[in-house]
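Colleague: Construct the entire structure; sequences and hints are all you get.
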Amino acid sequence: MPATEPVAQPGPLRWRTVEVIEAIAETPRVKSLVLRAPEWPGHRAGQHVDVRLTGEDGYQAQRSYSLASAPEAAHLAITVERVDDGEVSPYLAEEVRPGDRFELRGPIGGYFVWTVGMGGPLFLIAGGSGIAPLMAMVRHRAVTRSSAPARLIYSSRTADDIIYRGELERLAASESGLEVTHTLTRSRPPGWRGETRRIDRAMLTSAGFPPSLRPRAFVCGPTGLVETAARALLEIGHAPNLIKTERFGPTGR
Amino acid sequence: MSDPPISRGFRRRGATDARSDRLPPGQHLVGDFPVLSAGPTPRVDLARWNFALAFDNKLLAQWTWNEFEALPQTDVTVDIHCVTSWSKFDTAWRGVAIDTLFNAAGIGEPPAPFAMIHCDGGYTTNVPIADLVGGKAMVATRYQGRPLAPEHGGPARLLAPHLYFWKSAKWARRLEFIAHDAPGFWESLGYHIYGDPWKEQRYAGD
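Quick note, the sequences are listed as chains V and L, same order.
Numbered according to my numbering, the first sequence spans residues 261 to 513.
Numbered according to my numbering, the second sequence spans residues 507 to 712.
To be clear, the hints were calculated from the coordinates, so they are not data collected in a lab.
Owing to the predicted nature of the structure, the values given are computational and were not obtained by experimental measurement.
Even for Gly, the Cβ is constructed at its ideal location relative to N, Cα and C.
Don't take each hint at face value.
Just the calculated beta-carbon pair ranges, DEER-fashion [to be verified]: (1) L:I699 - V:G359: 35 to 45 Å; (2) L:P619 - V:A333: 20 to 30 Å; (3) V:D345 - L:G612: 43 to 53 Å.
Modeller: Structure below.
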């Protein structure tokens, strides 16, 4: 885990008002919000922001969301999965419309990040909405035309739950050096050609990079998936300091 | 500072408990125990585990697992507050109070006013000694009556519940006294150097 670069903070992270430009339905439970953030100081792929909502009675609530947009993109994007008993995520995923405004501050976190300058190979392992910060890396890699080999193993419950599916297919088909392996854990549609089990050691071996290439591994998803995948990566022989994890628990989102 | 924009129709959904004066500003109450850590969960062999106190590159004291378990144990039930905005009430821990460790090591007066906690996996965090003594902190080895699970920091983690929970470092192995406060892992990456949840000291500059 050492070998981090301290990041100079330009000053306090102030709350700024952002405006929703677009709300994109990714899956039945997930929406991406494209946000106009004036004077955004910039971010690196993998970083997150805190979002704060204020109700009519003055009640405020804040939650952390990963940025899914590339640093180079004109606007910020967050991807929100509705947590049924949640407080903030149902509002963001269902109520928010273009033109709405709320507060946000960031970028936050400087460890779970990838920049083209760090090189590859880039080994991405995602479960569910844990794909969001990894998508920022995929987009950053595409936009900068990086030649770093990249492989994504992405676990979803069903085919309908795959977030960014079309964009991932286009990028994987563009011969840019990105390979995407989907796996479905609950049900598979007729003709499904991807994997159909939870991410395990065999899948990380066959669809990933060997340790000898010293890939930078980023694992993001529910705790069970992250624990399993990170442990399997160690067993395969990947160096602990090249494995970075981020967890999306059932709460707080 | 202008007023924040109002989100029409947004309202509190949390339990009435969430109104409690036990909830620091900006936090919300959860029932489960989310896991957050920056890298793989270290696999720890208890036969090789030890916990050390050090200062100025010198070992002041060191305990094996069995020796650590033989030290007087302390039970606490406390509220914990994660910087990612969840809080959890009434978590029950058992471990060895930092006061107990210092006593066992014969340390009357701490040799320096700050500590860096070093952990398996390379994680570090800085805490003032004043925030570790006086019953404020322990090295915890049990959670809700059971051995602390690896993903929650087992076999042993720091517990300093009056600070944001990243200060309660998982997989703690060494308390190093340091003369001058210095940032640990997250503190070097933009998080607050001290981390008082009641002052909402989440990030540098808060």
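Colleague: Are any of the numbered hints broken by this structure? If so, which, sorted upward?
Modeller: Violated: hint 2 alone.
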